[in-house]
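Chains A and B are the protein sequences, given in the same order.
In terms of this note's numbering, the first sequence opens at residue 1 and continues consecutively.
In terms of this note's numbering, the second sequence opens at residue 201 and continues consecutively.
Please keep in mind that the hints were generated in silico from the structure rather than gathered at the bench.
This structure is a prediction, so every number in the text was calculated from the model and none was measured.
Every residue, glycine too, gets a C-beta built ideally from N, C-alpha and C.
Be aware that one or more of the hints could be misleading.
[Said to hold, decoys possible] Cβ-to-Cβ under 8 Å is the rule here; a few derived chain A residues that face chain B: (1) 99; (2) 108; (3) 191.
[To be verified] Taking CB as the label site, the calculated pair distances span: (4) 526(B) x 18(A): 43 to 49 Å; (5) 148(A) x 468(B): 40 to 46 Å; (6) 12(A) x 291(B): 42 to 48 Å; (7) 148(A) x 267(B): 42 to 48 Å; (8) 187(A) x 302(B): 29 to 35 Å.
[What the hints assert, rightly or not] Counterexamples of contact, computed for chain B against chain A with all Cβ distances above 12 Å: (9) 210; (10) 268; (11) 294; (12) 313; (13) 340; (14) 527; (15) 571.
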Amino acid sequence: MTDTNSSIRHQDSTYLNDAYYDQLMHLNKDWQQDGPVPVINQPKLEDKQACEALAFAEARLADDLRLEQWLDCYHDKSIYWIPANYPAGDPRQEITLEFHDKRRLEDRVARIRTGVAYSMLPVIRTRHVLGNIEYWQGEVNEVCARASFIIDALFNDKHRTLSGWVGYSFVKKGGDWKISVKQINLIDADCLQENNTFFL
Amino acid sequence: MKELDNLVQAGRIHRTVYTDERIFSVEQQKVFSETWVYLAHASEIKEPNSFVARKMGLRSVIVTRDKENKIHALLNRCTHRGATVCREKKGDKTPFFTCPYHGWTFRNTGECAAIPHQDAYGENLDKQTFNLKKVPFVSEYRGFVFATLNSEKGKKGIKDHLKSAANRIDEWIDHNGGDHRAIRISGAQQYTVHANWKCLYDNAGDGYHPEFSHQSLLQMTQQRYGAGMDLDYFSGGIDSTPMYSQSLGNGHSFLDQRPCMYENSAFERQRPQPGREAIVEQLTNEVGETKAKAFFEMATGAGMNINIFPNLLFIGNQMQVITPLSVGLSDMTWYSTAVDNVPELVNTLRIRTQEDFTAFGEPDDTANFEACFKGMQEREVDWIDISRHLGRKEDSVGEGGTVTSVISSDIHMRTYYEEWKKLMQSKDNSPLS
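One chain only, chain B, in its complex shape (with noise of 0.2 Å):
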C-alpha cells in the first residue's frame, strides 16, 4: 500500500486511514495476521483438554490446551462445509470438538480424528487431509498467550517480539506479586464501541486527556473526597511531573504514573471501594498492619499503562483487549485479574477497585473516542494530529532503543503508527496466506 506513505505522515494521520473498508480489510491480513495478536491468559484454560473461544481480528478461533498441556489456536471452521465447530464460549474436559453439522470431529490438536460413514469417500482419504486450521505460531510470555501467522516472527517467539515491553510486563507482574503469586483472570467486562478499533488504541498511550476527558470523575472526586485522589495529578502542568511516555520498539509503548500514583500510597488515593472499610479492619487484624499495607497497594491499580501493539492494553490490574469487529465497530473487553495465594479478602477488594474505572472513567472515554469516529467522516478536514511534542530535543533514547518523553507527547501513537505502516506495507509472510 504505497499510499500509506502520504496517508500516516510523522505529525498526522489521514482519517481515511481510520473510516476506509478496504484499509480495513488489509489490517486484518497485515496487522491481526503478521504480528503477534494476543489471545488469552493461561490461567483461562488451566486444565489440560480446556478451552476458550476468542477472536484473532475477525477471525474466530478455538484457542485449547491439550493433554499434554500444549496449547494451540485453531480456526473454528470445519474443514467439511465451513460450520462453526465450536460453539461454546468456553469449556473443560473437552479432547474433542464435534462439528454439529455432519459430526465430523477434530482433537483439540486440530487433528481430524473421524468423519462418519468415512467409507463412501473411497478407500485412500487421508483424514489430514481435514485436520483444523491452525494458527501456526503460538506463543506465550509469563502466562500471556500470544499467536501470529507470520512465519520470521513466529520462529523468533513472542519474548523477542516484545522487546522492551517484556521487562514492562515482569515489573507488572511483580506489582501483583511475582511468580509465586500467580495472577488469574476473575472475569471480564464487555463492551461494544462506535469506532474504528485505532481509536481505543490512540487513547491508551494518551497522558494529555485525563484532565479534560475525566472532568466528571475529578469533579466528582473532589466535591466528595477532596484533593489528592485518583488521577488528580493530571491537572495543571503535567509535564514537569516525573511521570512520562516512552516507546519500546515494534509499536508498543509504556506511561507511567507511578512517580506520582506511588508516591505516598496508591491506595489511600483510590476513591473508597465498597467494603473498604470492613476488609481493611479484618486484613489488619489478621495479618498485621505491614502485611495489610502491602496487600492494600496490591489492590490498587499498578500505575502502569502498557501497551502492547496491536490489541493488549494494562491498565491498572485490569488487560484491556481491544478486538476490530468492523471497520467502525470494536469490541473492547476489560478483564479483572485476581491474585493466587493471597487471603482472598484481598482479592475481594482488588476486584471491587476494578470496578471502578469502567464505571467512572471508560464510559466518557468511550463517548469521546465515539464523537473522533464521527467527526472522521467529515470529508472536508482530512487530518489527525498527532504532533505533541514531534521533534522534542530533550526524548532520550534509553537500552534497547526505547525513547522516553514527557507523558502528554504523542509518542504513542507515533510509535505504533511507524509499526502499522510497516506491517501494512510488508509482503505476505504466512504459510496459510
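Isolated chain A (complex conformation) (with noise of 0.2 Å):
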C-alpha cells in the first residue's frame, strides 16, 4: 500500500484458499468430537492459561466497544465464523449468518465506527458470559477450545439473550498466542435471528 499513513486502508488478504477451508473443515469436526479431553491431549498449562486469558479478553472487549483493541485479539490470518446451520456445514457451499477473514472483519468495525451505522444506534450493549471450556493441543503452536455461551444483549432497551457454543483455534505468533479460528454456533442458527450486529 503507497497510503502508509492511514491504518484504515485494506491490506491484501491472500490467505483464504482451498486449503484453509480444509482445514476449516478439520476444526469443524474435532470441535465437535466425543467424550472428555483426555489428559495427554491436554495442552501445556502455561498455554491453556494464555489461551484462556485470551478469550475471555476477546469477550470482554468486545463487550466494551474496544473494537480496535479486540481485533487486535485475532491472527493476521484469522476467520470469524457464525454458520447459518446448525451443526455447521461446509462455507465453500452453503452461506453463513457472517463469514470473515481479517480484512472483512476489519470492514465491521470500520462500518460500526463511522459513527452512522443505524443498526447500532442506540448503541447494542452486550455481555458474554464463557463456561465449560475444554482445550486439547493441535498442531504445533496451536490449542484448540470449545466452550458455552450466552450472550445478554440490550437494545433499544430490551434484552435478549442469545447462546450456543463456540469454538476456537488459538496459534502463537512470536511469543503471544491470538486466535486464528472462532466460530460461533448459536443454537438457532437456522432460525430467525434479530439485529445481530454487535460481536458475538
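Put the two chains together into one complex, using the hints given.
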C-alpha cells in the first residue's frame, strides 16, 4: 500500500485458499469430538492459561466496544465464522450468517466506527459469559478449545439472550497467542435472527 | 373494504394500513391467498418424495414433490383434530406424513392413506373426505414455485400473472448462466423485523434511500477502498443517471442498477470478499482470463431488483422472501443461490459475496423499517408519503403496460398499492373459503 499514513486502509488478503477451507472443515469436526479430552492431549498449563486469558479478554473487549483492541486478539490470517446451520456445514457450499477474514472483520469494525451505523444506534450493550471450556493440543503452536456461551444483549431498552457454543483455534505468533479461528454456533443458527450487528 | 378508498390515495397512504389488526387479518385472505404467493424453489425439493415446510401468509404449508414429480402445497393441519402433521422443516424419502397424535397418515399428495382402527368409524367411512386440504393451484415459472387459492388466477397460471416480470426473471437467470446452469438454493439467512411486512416491501423498490440509509456502508467503503466502489453511484444526482425504476403490472416492479453497476466491471466494484485473491488466481490459472472474468461477474450481484408482489424480491444473486408473522412482526429470509455446472470456486466466491450486504447494508435498512413502524403508531400524524415524481410527464409507457420512471421515483410503492387495494376490495374467489 502506498498510503502508509492511514491504518484503516485495507491490506490484501491472500491466505483463504482451498487448503485453508480444508483446515476449517477439519477443525469443524475436531470441535465436535466425543467425550472428555484425554489428559495426554491437553495443552501445557501455561499455554492453556494464556489461551483462556485471551478468550476472556476477547469477549470483554467486544462487550466494551474496544473494537480496535478486540481486532488485535485475532491473528492476521484469522477467520470469524457464524454458521447459518446447526451443525455447521462447509462454508464453500452454503451461506453463513457471517464469515469474515481479517480484512472483512476490519470492515465490520470500520462500519460501526463511521458513527452512522443505524443498526447500532442506540449502541447495543452486551455481556458475554463463557463456560464449560475444554482445551486440547492442536498442531504445533496451536491450542483448540470449545466452550458454551451466553450473551445478554440490550438494545432499545430491551434484553434478549443469545446462546450456543463456540469453537476456537489459538495460534502462537511471536511470543503471543492469537485467535486463528472462532466459530460461533448459535443454537438457533437456522432460525430467525434479531439484530446481531455487535460481535458475538 | 370501502374505507380503503380514503386510506390509500394517489400520493399517500394512511398509517393504519400498516398498524390496523383488522386490515392485517383481511390481508391474510385477500393478499396472501387470492394472489400468487411465492413458496419455494424447485431445487429445494429436487428429488421425488422430498418436501419443505413453508408459510403462505400465516398458513403452515408443506410443499411436496410426489413420486410423479408433481408439486403440491398441503395445509399442514391434520384433518382429524387439527394438530400440525409435519413438524420438520425439510426432508426427503417421505412419501407419507403421519400425524403424531393418533397416527393418521397422509400421502404427499394430501390423500388420506390410513386411519388407525378405522372400523370404529363405521363401515361406510370414505377416507377421501379426510384428505389434507391443499392450496388448489400451484404453478412454477423456471424453478420458482408459487401457489394461490384464487380460482380465476389459478386457472391462468403464474406466467400470466407475472406479466413483464417474467422477462426480468429471464434476464436474472441469464446473468446466472442461463438454462444450462440452473441455480440452486445454497442456504438461507433468516431475520425477524419488528415492523409490518409492507415496511419491508416499501423499501424493495426505493432508489431514494441508499445515499442516506447506507451511509455506514458508503463511508466505510470510501475510507478503506477508495472511490468507484459498491453503490457509490447512488450518491448525488441519481435521477440523471441511466438507472431507472419501472412498474411491471399486477403490482410487480423493477429497479435497474445495471447501467451504473455494470458500466465497466461489477466485480471490480465489489468490496473484496474473503478469499477473493486466492480464487481469482486459481480460477484464472484453471480456465484462462476471459472465462474467469465472466465467472467473477456471475459471482457478483445481478444489479437487478425484481419485486414480485407480495413476497418475493430478487436482490443481487439472492432472493428475499417476506412473510408476515403478525401486524408488527415479519420474517425476512434471504435465500442464497449457487449455480450448477461451474467450478465450485465460482460458487464459493458467489456465496462470500452474498454475505456482504446482509452484514453491511441490510442491518441499517432494518433499523429504519423498525423506526418507521414505531413512528406509524403516532395517532396525531396520519400519512405516509409516496408522492415522489408523482405525475412526472416524462414517464414512459412501454410494451405490456410497463411504466418507466427515474430511479428515485416512488412508482414502486404506487404500483403495488394499486394492486393491494384492488385485491383487498375484491370478492372472495377461493374454492376453500
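Evaluated hints:
A least Cβ separation of about 6 Å between residue 99(A) and chain B falls short of the 8 Å threshold, and the interface hint therefore holds. For residue 108(A), the interface hint holds, the least distance from its beta-carbon to any beta-carbon of chain B being 7 Å, beneath 8 Å. Against a cut-off of 8 Å between C-beta atoms, the interface hint on residue 191(A) holds, since the closest Cβ of chain B lies about 6 Å away. Take residue 526(B) and residue 18(A): their Cβ atoms lie about 45 Å apart, and the range 43 to 49 Å holds.
Here the CB-CB span from residue 148(A) to residue 468(B) is close to 43 Å, well matched to the stated 40 to 46 Å. For residue 12(A) and residue 291(B), the hinted distance range of 42 to 48 Å is satisfied, since their beta carbons lie about 44 Å from each other. A beta carbon spacing of about 44 Å between residue 148(A) and residue 267(B) agrees with the range 42 to 48 Å that was offered as a hint. A hinted range of 29 to 35 Å for the beta carbons of residue 187(A) and residue 302(B) is consistent with their spacing of about 31 Å.
Every Cβ of chain A is farther than 12 Å from the Cβ of residue 210(B); the closest lies at roughly 30 Å, confirming the non-interface assignment. With a least CB separation of 30 Å from chain A, residue 268(B) remains clear of the 12 Å interface cut-off, as annotated. With a cut of 12 Å on Cβ distances, residue 294(B) stays outside the contact zone with chain A, its closest approach being about 19 Å. Taking the minimum C-beta to C-beta distance to chain A, about 30 Å, the non-interface status of residue 313(B) holds against the 12 Å cut.
The Cβ of residue 340(B) lies farther than 12 Å from every Cβ of chain A, with a closest approach of about 23 Å, so its non-interface assignment holds. The Cβ of residue 527(B) lies farther than 12 Å from every Cβ of chain A, with a closest approach of about 17 Å, so its non-interface assignment holds. Once the 12 Å rule is applied to beta carbons, residue 571(B) is inconsistent with being away from chain A; the minimum gap is 8 Å.
The structure fails hint 15 only (numbered hints given earlier).
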